[in-house]
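> Sequence:
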Amino acid sequence: MPSPKWLIASRSESETLSIGLVLATIARPGDLIAIDGPLGAGKTRLVRGLALGLGFDAGVVSSPTYVVVNEYVRGAGGGEADEPIRLFHADAYRLTSAEDLDSLGWERIIDGSAIVAIEWAERIAPALVEAETQRGLSVWRVRMEPVADETAGEGMTLRRVTIEPPRAGAWAAREGAVELRRLAAVLGEGASRGGHGQRLPRGWARCPSTGKPVPPDSPTFPFADDRARLADLGRWMSGAYTISRQLTQEDEDKATGA
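Position 207 of the sequence shown, counting from 1, maps to 207 under the working numbering, and the rest follow consecutively.
None of the hints are false.
Using C-beta positions, here's what the derived DEER-type ranges look like:
1) Glu71 x Pro126: 22 to 32 Å
2) Ala177 x Asp226: 26 to 36 Å
3) Ala170 x Leu7: 18 to 28 Å
4) Ala173 x Glu71: 26 to 36 Å
5) Asp111 x Val178: 27 to 37 Å
6) Val73 x Asp226: 31 to 41 Å
7) Asp111 x Arg74: 12 to 22 Å
8) Gly234 x Leu104: 50 to 60 Å
9) Val178 x Leu39: 25 to 35 Å
10) Arg167 x Val60: 26 to 36 Å
11) Arg202 x Val73: 17 to 27 Å
12) Ala125 x Ala168: 12 to 22 Å
13) Asp226 x Ala170: 35 to 45 Å
Everything labelled a hint here was simulated from the structure, so no lab data went into it.
Bear in mind that the values here come from a model prediction, so they are computed numbers and not experimental data.
Ideal placement from N, C-alpha and C gives every residue a C-beta, glycine not left out.
Using the sequences and the hints given, assemble the complete structure.
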């Protein structure tokens with residue numbers, strides 16, 4: 001049976017970040033996340049979401065175009081509960097040969113002890129095939145493409161993200177597989193962004209005004225946008241909401257983000 005393939009439509013940086021967050025719930029040491037797409041497709045943003053989901057400070061994650069590979073480690077304690085989490089973030093844009101990989105310490109990167117995210121992965125495709133077929137590592141293939149879309153709002157860029165899981169099916173039993181399916185149901189191409197019956201990925205909320213799913217990193221969370229937030233405030237001010245106490249200035253400040 002062929003592996004499934006998910007087509008996800010990201011309409012904001014927050015949604016792109018959320019794809020990385022969900023991949024963090026399913027990725028395990030020994031997994032390679034091979035990311036391809038043109039400049040500006042959101043590859044580094046997705047890796048920031050992956051890092052954030054693994055417990056790293058996403059603010060320190062930058063494109064390793066010139067240093068080629070960055071390594072992040074946290075939780076290097078002594079007990080079993082403090083097993084370190086390691087993430088390699090590589091950029092293969094400037095690599096041209098297997099010798100270039102060797103100079104990076106490729107053997108250490110794919111020794112199975114770390115999660116590895118690789119931008120411009122198609123440039124080292126033979127090495128990825130070898131890691132998958134000869135070493136038994138799991139390779140996730142992610143393709144990101146900016147596309148024109150008349151339904152996208154002003155200032156929004158639609159990115160088509162294709163996620164192809166490893167060919168071996170062991171990933172399907174991981175806990176994060178449920179989160180990935182939920183994300184695909186919410187952001188899948190052609191999926192309704194309303195649908196109150198949908199189960200949302202972890203950390204998401206449903207906008208109180210529009211009912212639309214809202215990713216956790218959205219600047220207007222839990223509202224879909226500023227208009228939805230103001231509409232909700234208007235309902236409070238007009239008395240459309242019934243509350244057991246009088247509305248205070250503090251409530252208004254919270255609603256407006258003051």
